[in-house]
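**Q** Taking the hints into account, I'd like the entire structure generated from these sequences.
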Amino acid sequence: MADLVKFTINGQELEAPAGMLVIEAAKQNGIEIPSFCYYEGYSLQAACRMCLVEVEKMPKMQVACTLPVSAGMVIRTETDQVKLARKSTLEFLLTNHPLDCPVCDKGGECELQDMVFRYGAGESRYTETKIHVNEQQWSPVVFYDAPRCILCFRCVRACDEGMGVSALGVINRGAQSLISPNMGDHLECDECGQCIDICPVGALTSGAYRYQTRPWEMEHVGTICTHCSDGCKTTLGVRNDEIVRGNNRDRSGVNGEFLCIKGRYAFDFSESAERLQSPMIRVNGKLEEVSWSKALETIGKKFAEVKAKGGKFGVIGSNHTTNEENYYLQKFARQGLGTNNIDHQRTGDVVTLVDALSGTTGRLAKTEDFYERKAVLVIGADLSAEHPFLAFQTRANYRHHEAHVYAVTAEAVREDNMATRSVRVAKGEELAGVEGLRDALAAETELVVVFDDSIKGDKVRSLVAFGESLGIPVSYCALVDYSNSRGAIDMGLVAELNPGFHATGTAGASVDEMLAANDLAALWVVGSNPLQNAKLAASRAFVVVQDLFLTETAQRADVVLPTASAYEKNGTVTNGCGEVQRLKRASATMGAKTDLEIIGLIAKEMGLAPLMGPWLPETVYAEIRKTVKGYDIPLPLVTIGAQQTAPVNGRVGVDSRPDLIRSSHDKLFTSGTLGRYSTVLNSVIEGRQSR
Amino acid sequence: MRYNPPSPLETPVLSRRFRLPNSQSIDTYLANDGYKAFEKATGMTQDEIIGEVKTSILRGRGGAGFPTGMKWSFVPRTSPKPKYIVVNADESEPGTCKDRLLIEFDPHQLIEGVLIAALAVGAQQGYIYIRGEFRYLIGVMDKAIDEAYAKGYLGDNIQGKGIKFHLATHSGAGAYECGEESALLESLEGKRGNPRIRPPFPAVAGCYQSPTILNNVETFCAVPSIILNGGLWFAGLGTPKNGGTRMFCLSGHVNKPGVYELPMGFNLMRMINEVGGGIRGGKKLKAVVPGGSSCPILKADECDLAMDYDTVAAAKSMLGSGGVVVLDEDTCMVKFALRIMRFYAHESCGWCIPCREGTTWLKKLLTRFHEGQGQRSDIVMIGDLSRNMLGRTFCPLGDAAAMPTIAIVEKFREEFEAHLDGKPCPHEKGSRLAA
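Chains as they are written, first to last, in the numbering used here: chain A, 1 to 691; chain B, 1001 to 1435.
These are computed hints drawn from the structure, not numbers from a lab.
Small disclaimer: the values here were computed from a predicted structure and weren't measured.
Some clues are possibly wrong.
[To be verified] Simulated restraints, written as ranges between beta carbons of each label pair: (1) A:D100 x B:F1201: 38 to 46 Å; (2) B:P1006 x A:S166: 51 to 59 Å; (3) B:K1040 x A:A18: 22 to 30 Å; (4) B:R1135 x A:E56: 44 to 52 Å; (5) B:P1200 x A:T79: 22 to 30 Å.
In this text, a Cβ means the ideal position worked out from N, Cα and C, and glycines have one as well.
**A** The structure is reproduced here in structure tokens:
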């Protein structure tokens, strides 16, 4: 931290670190200096001229966004000269602005409106003709209305510096200047929509949201994106129980305002017309809609029958369901049904990593490590495509802190563009590539290592041993799929592990083993689609499926129960870095119930309600706090923001099962079953190309 | 291009070889003191070279008039980064046409000036950024550079002295803005020609963020004579704070327009009447733009002054780039203001709001005004809008548009009033849409 210097703004004596920009120093002290183009974290522009202030001993007004504060500086932000400058700049801005606020999506949350309201003139002196340019559609999700554009270049910087995509630029000059997409008439990019979000006016608008609502008609519900394991907070704009928008303008959550295409738009699967809305039972070989009570009764009877006969159960959990649901499910399976045959599709070797770190100086990485550690090593993963937020953090770290980035991958990745060194290896040879970086990495002062499912089993142990041998602090992140893979492991949706990484002693059957077992009597699948690419050996098994859609697995089911999506329930999820966050219900689908409620209702049918306790997320969470190591975090804290969980620090004591670990490697435009039902993911050109 | 006939009042220093046969060739140059200044400079220390330039009171000929020796001394010579010499040959200021002649008729003088600058700061690479419209000059310059390489005045081991310096031309793409030094550097680096935030200045972080000497063509061209004849000699040619001669580009309503090399401080009225042969058709003088279109205009009764930076500044204008535009009594000052504003609206890069929107608004307003659709409140507004640009834009382009407009509307208000109420332009019967 630089030394504090004393200076004055409007006669007030203030302090700020030397070299801090005047606009920031003012903000820190509660004084607003208006600006359009200045944007924290991105490069300086000094283009909008809204932040002109008077500084004593300087002949002209100065732009506060590029002027570093120094000792004894005397700044005035509210003089007549400054006020006139703001007023005239806004007058200039409005000359070619269409003033179509009544039909503009941004109306009501527009920075230009607010600026004119506070600093502008009440009437216009402009009587000349305005320059008109027709609106352009750059992609299914990005529209550009040039006359509204104030040319603050935020979008250009967000795309270039923030995303590393550089899909936006400026063409023409003077008043004819326009923002232009990389393909001339359309965009080919990540379709993340950050350009839309960061636009202070209604120049860039969202194809998914435009003309849907007035901003003030929405409720804003902060919840966690369900798609990848980065755990981005998305604030959903909800009107009449329908989600119409996703963004995170309040910068809460681990992700600040970052969202990728999935976080911003792909909530739309939840509104799909193909959502299941009624339970179904197989009658004469066909699934027929029945009442909830009939469906639950059928399941209860059958489960009780299988249990009574000592038949073999198989329970498959989800990578999307909440911690509470996962905990409740495994409790039901182990204590209610009396089976350890419970698992989920494993996507990353967190278990071996936790075990291997035991007794070493290494630790599990936090999300903030990607922004703060001085070096980042990416192994195997195409981080920008599979974990866009971790990639965004790494880029910001490189930009702001000149972090050293290393990439060891089979294919070229975007991280190469900023990498100190990039190593191309054949798939499976990643560790050899890492070994080749030994000298460079040993010269770093600290490191965060992130790896995908190419590193599993003993390779994780070798990697941790390698990290240990560097003699620097190293933290590790084993990448997993979807919003709650980590929570599935922590909550014991693992055949050989109880919640909190406690070995079960006798391991149950894994997903693969359940599907292959000829003698399986009942299979209960919650929010997963194991039969998409596999066969169920037990042709006579009684199959219950809880899902949003009639998946391949649901089509094989004897009873199908419609469930609520992640955006339709409360609870907690744990991201890939082990940070637990809260889901908040934003909307509802008629007929669907949350998995938690469904599990509770089945338990009730079987007379197990006293064992299971109420199916309230808060009650189940209270039990998790008591029984799952690392999760003793009061719910109000989780409500405020992501909280790091601390799993067992010690040997896990189970055999590593690398054979079970398979990531789906969903990239930006796919997301398992959910992605198949997202209109936006299926509409963008890049999504079609990547299939 | 043909060069205008000389005037006996000229003091040819930079232009002394212009009329020699084959003046562009290195042989002519070598036969007429060519590269002797460089030879001399190789025997001088860096401080001595910069000191000599300081003594000469050479001030930047691009327009701002910043002392050249001082600018060179800002270059951190001990910096581990490479140093660059960049020549601003993006001569685009309306009324200015001297740099093109300096390149066309004596390109080696420029190369030698650049070489000496390179010695002064230890640069090994230089670029000549030539205005896009001056495509024909690129051939001239490239030929001269080839000759210099062939004769060992450029290369890895210049004249066997172990000096390394390379020089290349780079074409602009037709933007006035790229005459602004930081926008020029952006363009030179292959980016959109937007100006940069300053500080840092080019001397510290210029080309490729490295220490850079960036001067106008005429400035570099003065350097060989300064080294050869001494700074004191050059300083003595001008007035106390304005060393040397100046290439004045006399244009407009004079009988003998042309580029004349006159000592600094030469009287403007003498320039018009004696060098320029008086006003065309025996008309009366109305006004003069003293240094390119961005300078506030001088009324006829303000023109009896010495043409040096300080005297013109005292008259609330600027010596600027040496473009002296003479206007006779028949000139419509509204149309003249419009013509200037059209240029700046066309050339505004669009980076900052006041310049981008202000110039376009003023262009439209002045067009309407000149067509007779003006209102009395517009006259106030022209000045008002100009002042709202002045001093608030990102780079001086906004000021360049505002300053002459403010001066015109203040000094010739009666001409604006004469256009009110739908009255025809008094100076332009029947051609009111021509502006």
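**Q** So, for every hint listed, does it hold in this structure?
**A** Here is how each hint holds up against the structure:
In this structure the hint that A:D100 and B:F1201 lie 38 to 46 Å apart at CB holds, the actual value being about 43 Å. Separated by about 54 Å at the C-beta atoms, B:P1006 and A:S166 satisfy the suggested range of 51 to 59 Å. Checked against the hint of 22 to 30 Å, the C-beta distance between B:K1040 and A:A18 comes to roughly 46 Å, which is inconsistent with it. Distance hint check for B:R1135 and A:E56: the Cβ-Cβ separation is about 49 Å, which falls inside the suggested range of 44 to 52 Å.
Here the CB-CB span from B:P1200 to A:T79 is close to 29 Å, well matched to the stated 22 to 30 Å.
The structure is inconsistent with hint 3 alone, although it conforms to all the rest.
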